[in-house]
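Protein chains: 2
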Amino acid sequence: MNKKALAILMRARMRPHDPRTKLALSPLTEVNQTLTNSQGHAVQQAAAASKAEREFENVRESMHSAISMNKTEVLDAVLEDFAEGYLSLMHEDRGKLLFVLAKEYDLNRTQVRDLIKQYLGLELPRVSGEEAKSTSLEEEGKLSAFYRIERNLTHVLKPKYEVLFERLNTHPGGLKVLTILRADILSILAEENVASLRALDAYLKEKLSTWLSPAALELHQITWDDPASLLEKIVAYEAVHPICNLIDLKRRLGVGRRCFGYLHRSIPGEPLIFIEVALLMNVAQTIQEVLWVDPPVPECEATCALFYSISSTQPGLAGINLGKFLIKRVITLVKRDMPHISTFATLSPIPGYMQWLLSKLASQTKLADMDIIHSSADGSNSTFSENMLEPEEERALMDSSNCRDLTAGKNGMEVMLNLLMSTNYEWTNSEKFLSVLKAPLMRLCARYLLEEKKRGKALDSVANFHLQNGAMIERLNWMADLSEKGLRQSGGIMVNYVYRVESIEEYAQSYFSTGHIHASCDMRRYVKPMKEHETTIE
Amino acid sequence: MNKKALAILMRARMRPHDPRTKLALSPLTEVNQTLTNSQGHAVQQAAAASKAEREFENVRESMHSAISMNKTEVLDAVLEDFAEGYLSLMHEDRGKLLFVLAKEYDLNRTQVRDLIKQYLGLELPRVSGEEAKSTSLEEEGKLSAFYRIERNLTHVLKPKYEVLFERLNTHPGGLKVLTILRADILSILAEENVASLRALDAYLKEKLSTWLSPAALELHQITWDDPASLLEKIVAYEAVHPICNLIDLKRRLGVGRRCFGYLHRSIPGEPLIFIEVALLMNVAQTIQEVLWVDPPVPECEATCALFYSISSTQPGLAGINLGKFLIKRVITLVKRDMPHISTFATLSPIPGYMQWLLSKLASQTKLADMDIIHSSADGSNSTFSENMLEPEEERALMDSSNCRDLTAGKNGMEVMLNLLMSTNYEWTNSEKFLSVLKAPLMRLCARYLLEEKKRGKALDSVANFHLQNGAMIERLNWMADLSEKGLRQSGGIMVNYVYRVESIEEYAQSYFSTGHIHASCDMRRYVKPMKEHETTIE
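Protein chains in written order, with our numbering: chain Y, 1 to 538; chain C, 1 to 538.
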């Protein structure tokens, strides 16, 4: 590790971990900052605007050349020009250029129509299949016309911007530019949903999935011997449990731990996705024992490989599941190198739990209020209202209630809501509140994971990720992540998903086709008693 | 290099170099041989036929599963099954299966028609371009319908067999199977031209070109330290100047020489294409000085990198130009490592010259005979007949003619034809014949290279290859390759193509767009005096 690279690493670890940190590694933010700082005076602003306008036109021209030049011409220089130019553009101009790309380099609809009309003029040959063998020469001739027009139609249906994508993909450094391009498209689409830009995104996403097939990715074990420039990326992109200092990073790459990344030859020194593994005696119940127990168990005594963090580094690859293949390959590798390891599990956050629970509690509390108003009139409860609590949970919560402090509330749900919303997670500092909240929080968490769905798939994004990869839900862990993030997202609860090597494909398949979630008996037991008044959004 | 691998290598070098040798490395031939040998008796034949039938059905079933299984199911085993099964099939059954694939897994034309009709029902939005910025929300909505159907149409236009290709590509070892598949398709198409199989081939070829983009290929310098299993491939596939023994191979990888190959991570240990380079003081004039001068000049004194052989190892990659990128990358690499090398040239065979010349001489001789018959009637020569020889060449040939030996002939062309057709290339053993033939052979060779075209491109396949890569024709070399193959193909003449680094793209471009052939003044001078009665097949 050379001095300069180490210096970068030292600085990188001090940055607060917020979403913008990620962009700090892309040229975009740096350029923007420079430009913003220089816009102190109106004159400078006008000059900058005209300069930006000129720059935009230059990049637009190089984009045009990159698309329209003949393939045997000096393309490398043009692509280089475009890539550099694009990265130097400000956010707004990038957006403008992407609109130009989507609109002006779309497919030619007149050509499509012409071919389509020719196609409809052809006589459909006999249905193939059973009779395939007896196809006569005459029919082969007829088919020949079909093949020709179908082939032409396929080509005409490709937008002109495909050429830019294809060319960038084979150009050194181009794949990285494409991921930045897609990240920019996604950030615009998050704000306004424009059909042409959505089509551009769908096209680019499909291309990227093809180019990033597992066959094109190299599994690399990341160690303390790797260049600082690579380790810096691990620090910057770790999305689950932020790396707080160099000692923390070194521990995650040291004895009893593993870190693996997927590298692509066109994006050197930067894993597209990486996974952190701890070698343990048992499936860990809290993140503290994974991150802070030092020294860990001797590696030869480990029986469990625990995946405690998986982070993707490229916002531009959103929706392309590289994690599935990474997990499968890491399992294969660890099994081969350490046959004594027989359990492959995760210790995972439940990022959507609290958001779901709090909004559910709030709306039910409101409905309950309305019920009180109306109940005298017709004597029945609203069909939409539901007491999310079991009778004994309700009782315990009301017993702990006190109208003068944060536990004030008309019913158990309101008490629970107020407790959970207390500033600085005050409830976690009191043995009493912890014991009252544990039962409903754990039970409702199981319900959230097992039964709350969106379009037939688990509502929780991390659950959906592991379930589609073929994992099962094994166990909930109380007070497993006491970091601010852990408390905010999931009330400190974490979950173990288990990958059973022999069942991965089967589980993935049944989840994919029917949405069925495999879970341990312990997990199922949480939700069983609720069966009669359960509501799922399947 | 382990003992077993060396043993393979020792055997490999003893094989005669014929086209079938190439297949010896594919499982096809071995299995065929085993099966053929076992068919001594009729009973065995019947049993074998029924066994083959069963095997065919098994492979057909695994092919069906590989295409129709859901992508999260256990695909690896199925693909493995199919790959093994296919490779174990006899040639005829492979053909049958490929027909099934082309016919029964074609696209669904009814779906295409349905979508097409929907598409024609849409109202075409305003022409984009200048007005792109002013697109209204309403128009975005209209476009949205276009995007949707165009996307669906693109998917429906993909034949079902695409799935098999895509899946094999991401399956370990699958890319190799795909190249064997295509080689089999090509070998069938060479015998009968079936539209559906041609469509299958076109589709697979397009896929393979994408997957084998230069970005996916790794440049590897092949040395004597490489595994025997890799060197064995070099011996087997060297297509230009067969490697006659281990010493020959070692020399081609040793001091003063280089050998580079393109490897793909999915086809390990087997270069897809490789190039042999000699480091010389001057551009070599004969292959003997390249292959046999030992020791060569010290590398630090070399000023020329001579490409004397380029061979592709995969018949299934025919028509996919990997050589162009290989040459460009090798030039870049050599320039970087050895700045004292400033000339990049080839010493190339002219594989089509003799075939063209002999058939031309034969038909002209025939036409001349007819002219003699008819000339008394109308006094004019046939418009199609042409004396290919200059007056002094004609005189010299007739002077050497003798009706009692191989030089018998009514005119110069017939004498030349008879000389060239003499058994064992007898003309090469006589100073007299050599001196008489040199002038017309060299001049007509220049004409063949510079002016004989097919669809606007050089008729000679090697010339077309280097010209489309951006080379120019520099020099013809008399008696440059005295091997049987060299004499048979080009009368012993070889040609130097030169790659001028600064002009590669420009030359490639003008050849691509207009068919213009760049050549040295020396080359041009050969054909200048012929201008008035030249005939080209442009």
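These are computed hints drawn from the structure, not numbers from a lab.
Hints are not guaranteed to be accurate.
[What the hints assert, rightly or not] Here are some, though not all, of the chain Y residues that point toward chain C, as calculated from beta-carbon distances under 10 Å: (1) E218; (2) Q221; (3) L263; (4) R265.
[To be verified] Residues on chain C that point at chain Y, a partial pick, calculated with CB under 7 Å: (5) Y147; (6) I149; (7) H155; (8) T170; (9) A215.
[To be verified] Calculated cross-link-like contacts (lysine-lysine; reagent style BS3-like; alpha-carbon spacing at most 25 Å): (10) C/K158 x Y/K158; (11) Y/K324 x Y/K438; (12) C/K328 x Y/K176; (13) C/K117 x Y/K142; (14) Y/K117 x Y/K160; (15) C/K457 x C/K366; (16) Y/K51 x Y/K96; (17) Y/K96 x C/K142; (18) Y/K158 x C/K160; (19) Y/K158 x C/K410.
Built from N, CA and C at the ideal position, the CB exists for glycine as well.
Do the hints match the structure? See the list:
1. E218: For Y/E218, the interface hint holds, since the closest Cβ of chain C sits about 8 Å away, which is under 10 Å.
2. Q221: Since the shortest Cβ distance to chain C is 18 Å, the answer is violated.
3. L263: With Cβ-Cβ at 12 Å, over 10 Å, it is violated.
4. R265: 7 Å, holds
5. Y147: C/Y147 check passes; min Cβ-Cβ to chain Y is 4 Å, inside 7 Å.
6. I149: Hint on C/I149: violated, closest Cβ of chain Y at ~10 Å, above 7 Å.
7. H155: 10 Å, violated
8. T170: With a closest approach of 5 Å, the C/T170 hint holds.
9. A215: 5 Å, holds
10. C/K158 x Y/K158: With Cα atoms ~13 Å apart, C/K158 and Y/K158 stay inside 25 Å; holds.
11. Y/K324 x Y/K438: 33 Å, violated
12. C/K328 x Y/K176: 23 Å, holds
13. C/K117 x Y/K142: Given pair C/K117, Y/K142 holds - Cα atoms ~21 Å apart, limit 25 Å.
14. Y/K117 x Y/K160: Distance ~22 Å between Y/K117 and Y/K160 Cα, so the pair holds.
15. C/K457 x C/K366: Not OK: C/K457 and C/K366 at ~28 Å, beyond 25 Å, violated.
16. Y/K51 x Y/K96: 16 Å, holds
17. Y/K96 x C/K142: 21 Å, holds
18. Y/K158 x C/K160: Holds: Y/K158 and C/K160 sit about 19 Å apart, inside 25 Å.
19. Y/K158 x C/K410: Between Y/K158 and C/K410 the Cα gap is close to 62 Å, so the pair fails against 25 Å, i.e. violated.
Violated hints, in rising order: 2, 3, 6, 7, 11, 15, 19; the structure is consistent with all others.
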